[in-house]
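Student: Here's the letter readout for the chains.
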Amino acid sequence: MIRALLFKEWLKIRWFWAAALAIHVAIFLRIFFDIRGRIGAEHAEMVWYQTVHLGTLLYSDIRYLPLLTGLVLAAAQFIPEILGRRLRLTLHLPMHRDSMLLICLAAGLSGLLSLCFLSAVSIPLILAKTFPIPVALSSLPTMLPWILAGVLAYLGGVTLLLETTWPRRVLLIFVFSILIALHYSGRGYGWLTPALPWLIALAPLFLAAVFESGRRFRQRGA
Amino acid sequence: MHAIEVHNLSHHYNGRTIYQDLTFSVREGSICGLLGKNGQGKTTLVNILMGFLEPAGGHCLVLGEKAHDLSPATRRRIGLLHEGHLAYAFMTIDQTHRFFQGCYPGWKSDLFYHLVDKMGLPRSQRIGTMSCGQRSQVVLGTIMAQNPDLLILDDYSMGLDAGYRRLFLDVLHDFAAQGQKTIFVTSHIIQDLEQLVDTLIFLDRGEILHTSLDAFMTNFHHYVFHQTGPVELPKDELIINCEQRGNKITFFSWAGTDAVQQHLADLGIPAPDLRRLPMTLEDGFIGLMGKY
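Those protein sequence lines, which keep their order, are chains G and U. Residues in the first sequence are numbered consecutively from 0, following numbering that gives the first Met the number 0. Residues in the second sequence are numbered consecutively from 0, following numbering that gives the first Met the number 0.
These are computed hints drawn from the structure, not numbers from a lab. In this text the structure is predicted, and so the values were computed from the model without any measurement. Cβ coordinates follow ideal geometry from the N, Cα and C atoms, glycine included. One thing to keep in mind: the hints can contain errors.
[Stated by the list, open to error] Restraint-style ranges between C-beta atoms, simulated for each label pair: (1) Gly127(U) x Ala194(G): 56 to 62 Å; (2) Leu110(U) x Asp60(G): 50 to 56 Å; (3) Tyr63(G) x Tyr12(U): 31 to 37 Å; (4) Ala207(G) x Tyr12(U): 26 to 32 Å; (5) Met157(U) x Arg214(G): 50 to 56 Å; (6) Arg168(G) x Thr210(U): 54 to 60 Å.
Same shape as in the complex, but just chain G (with noise of 0.2 Å):
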């Protein structure tokens, strides 16, 4: 039953998630290619010290990559359900509904973490080939708000798929809007790293606000 639920999962997203993918490494060629310019057209030193010294994020091109792709993975998955209330199907077949909705979630999440993976290991690659290896490093903690908001803009738009009310739909865009902007709060190498473990517990609580919208999708005529 768990097979065939992420089969039926994947049949909606596999498009979308193999656009996504050619766009990610569309990017990480960009950045490979802006990097080498960059240090043929100045001095490296200048490279260094624009880098280094004034904190210019050479990757910045995949700051946005893991939220709207979050965005497209949620919509991908829960549109061909909410039209026509197709989610009743769903709904119907004999497993627990929480656990199904747990299922649906951990397909579309798994296929956000593959390429937000993809961009961890990438990208310090990309960067170790010029840059000494601890500055290939400081991108992982730089990355993961981008990735938590990824998750965030995930999660959020499932919850809002499937609420049924516009009040509270404007009340859950507030909340994840400001949620979701607190992890680009800043700029520059690992701005938010202090706050990480606290930005890391955050992100599973909004599971609850989906199963909640869940609930509510159910209990008002799915």
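Since the structure of chain G is already known, use the hints to place chain U on it.
Tutor: Showing chain U alone in chain G's frame:
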């Protein structure tokens, strides 16, 4: 033993009372048709029975369990056809088979493909690109392959031409013939139900009439007589839904010919040529519920 039990069900929508203290049951092994005009709450009742909607009052049991809290094991025993033949539009025929096969341990692949292959469509065809009739056949195959004990069909005939409706009925007859299978069905095509159901529930403004098909067809009558001038037939306990076209007056009644003749005479309306007309279930439905 009852497959469906509804006790004192009440429900409101936008301040309008849909039901008040509705009580009925559907015996296991029966084929029950729920009939009512548009907007009388047939789909709402199905949604309540399947736990998609919480009623304002009362409770429903489906296969012995509370409708709003059906266990996965009980849901497995219920084949549900949603209004509009809901299906996963993004799946192909083969993907639909693969998905549902993984959800239902007793899934009958042969039956699924037997019903779906009748359309002659490639198994790689996406459901979203099918016509309503073709989609209904995939949905029918999906439900039948689950081998459920209880079928709940919400307006199965919606959007289907005569051929697909007949195909549906054939399959339902075969399903019912297996014994101890219960079907609870709503449909706008009432003449189809006449060939299928053994029990009827008429739903009208929150009130129900629960009867067997035989009892209804035997005890409810369609009458006609002729008058040269205009006649004002009162609507009372004997005369239901009277209609005058030219000099021809028709009405319905639960009473026999003699009682009706006497009643008309008491009202001062001579009806020497009063006689009963042959009545279909659709005639009876219109007679009981009115046209609008």
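Student: Now, for every hint given, state plainly whether the structure supports it.
Tutor: Now for the hints, and whether the structure bears them out:
Judged by the Cβ atoms, the range 56 to 62 Å given for Gly127(U) and Ala194(G) is violated: they are separated by roughly 45 Å. Between Leu110(U) and Asp60(G), the C-beta spacing of about 53 Å keeps the proposed range 50 to 56 Å intact. At about 43 Å, the beta-carbon gap between Tyr63(G) and Tyr12(U) misses the expected band of 31 to 37 Å. Look at Ala207(G) against Tyr12(U): about 29 Å separates their beta carbons, and that is inside 26 to 32 Å.
For Met157(U) paired with Arg214(G), a C-beta distance near 29 Å fails the hint of 50 to 56 Å. Remark: the range hint 54 to 60 Å for Arg168(G) to Thr210(U) is contradicted by a beta-carbon distance near 46 Å.
Violated hints, in rising order: 1, 3, 5 and 6; the structure is consistent with all others.
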